[in-house]
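Asks: Using the sequences plus the hints, can you model the full thing?
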Amino acid sequence: MSTLAHVFEDTGIATIVLASMADVAKKVGPPRVLACEFPLGRPLGKPGDAAFQHQVLQQAFNLLEADEPTFEHFPEVVESDEMPMACPLPPRDDPNAPPAVDEARGLISAYRRAVERKGVTAVGRAIEPEQIPAALDTLHQWAQGAAWKEVKLPGKNTVAVCHDIRAYYLEAALELVGDLAPGSRSFDAWFYEVTEAGKTILEARRSLKEQEAPFPFWFYMVAGHLE
Amino acid sequence: MTQDRAATRGDDAMRALASTMDAPEFTSTSFNKLRKPLSECRVAIVTSASLHRPDQDRFAQGDAGFRAFNRDDRNLIMGHWSPNFDHSGFHLDLNVVYPIDRLEELAADGVIGEVAPRHFAFAGNQPDTVSEIRLDTGPQCAVQLNADAVDVVLLTPV
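These protein sequences, in sequence, are chains V and Z.
Take the first sequence: its letters are residues 4 to 230, numbered as in the numbering used here.
Take the second sequence: its letters are residues 477 to 634, numbered as in the numbering used here.
If you anchor each label on the Cβ, the simulated ranges turn out as follows: (1) Asp52/V with Asn546/Z: 24 to 30 angstroms; (2) Ile111/V with Arg491/Z: 34 to 40 angstroms; (3) Asp585/Z with Ile111/V: 42 to 48 angstroms; (4) Lys155/V with Gly538/Z: 22 to 28 angstroms; (5) Ala625/Z with Glu75/V: 24 to 30 angstroms; (6) Asp612/Z with Gly227/V: 26 to 32 angstroms.
Worth flagging that the hints you see were computed from the coordinates, not collected in a lab.
Think of the CB as a built atom: it goes at the ideal place given N, C-alpha and C, for glycine as much as any other residue.
Replies: This is the structure:
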């Protein structure tokens, strides 16, 4: 973002960077920065809070009055919320299926309602929603020690498939909790700590690492700080 | 809050990591003072959230290109490849990433002159030097912003 600010200013446009990583913005040094200590992924701070978003924008646009490059901090910090969101999960239906497969099948109605309501979905980078249970079945087998070269993953690209599984769960979960909007890391905490799908992905990733699969193949399946 | 839960401290870890990474260096800083009041300026948003419309190509891994969308588009997908930040905020309210409704309100109130007809998205996860964006796709985007007579760009990171 800070790089683009330099590029755009070079062509005569005035720019303002809302920076979520103040250290990086300082290094790159674009002409106007409002550093905001908000949860990553939420550069305006608070979803659904128009008044707060306007406060951020007002301070950002005020930077245009300065006569020289300027770097300010937004005074309010928004902490990330890392408690798992409270979201019901479907009960076991098919005791013969791996838990994550059973769970994902049970979420399909909520997922479809979400897509119906929103009109768009982030699922589909590598697999379609209907393939989520099959992908989790492969991940379950990897987690149990199956060789990744022998048991094939629908969609092939592990990082893209894990994205699709996460997006499927996110869209279904937000549909199930309604107005109880989760905090910034509440979905991640719920997904990796509570759902069978999240736990299966973490276990599959550990297994791939142990099998000495290529680093980019397993590392980016989940956030880098997760083990 | 215990520190040993798997999913904690993600933002801290990312900020710590980012501060150790190489960043592109600029020997000078261009700085354009507004030549007219903000209330007469046309404003565009450029985000690194990999936003795109469903009918546009998805961002590929390492995609240094950008997507343009119209002022009225709201059915946008966040196509970011990084699993290292929150995606739920965008699902709840796209303005927390792409404050287009807030810009419309500021234009209606006369704070800014006008909302630009088009807005742009890049992908935030890029190589440290971002040379392709700096030398190629960034300048291409600037050409389009200038074609739309944009005075001010608000950059929002993801």
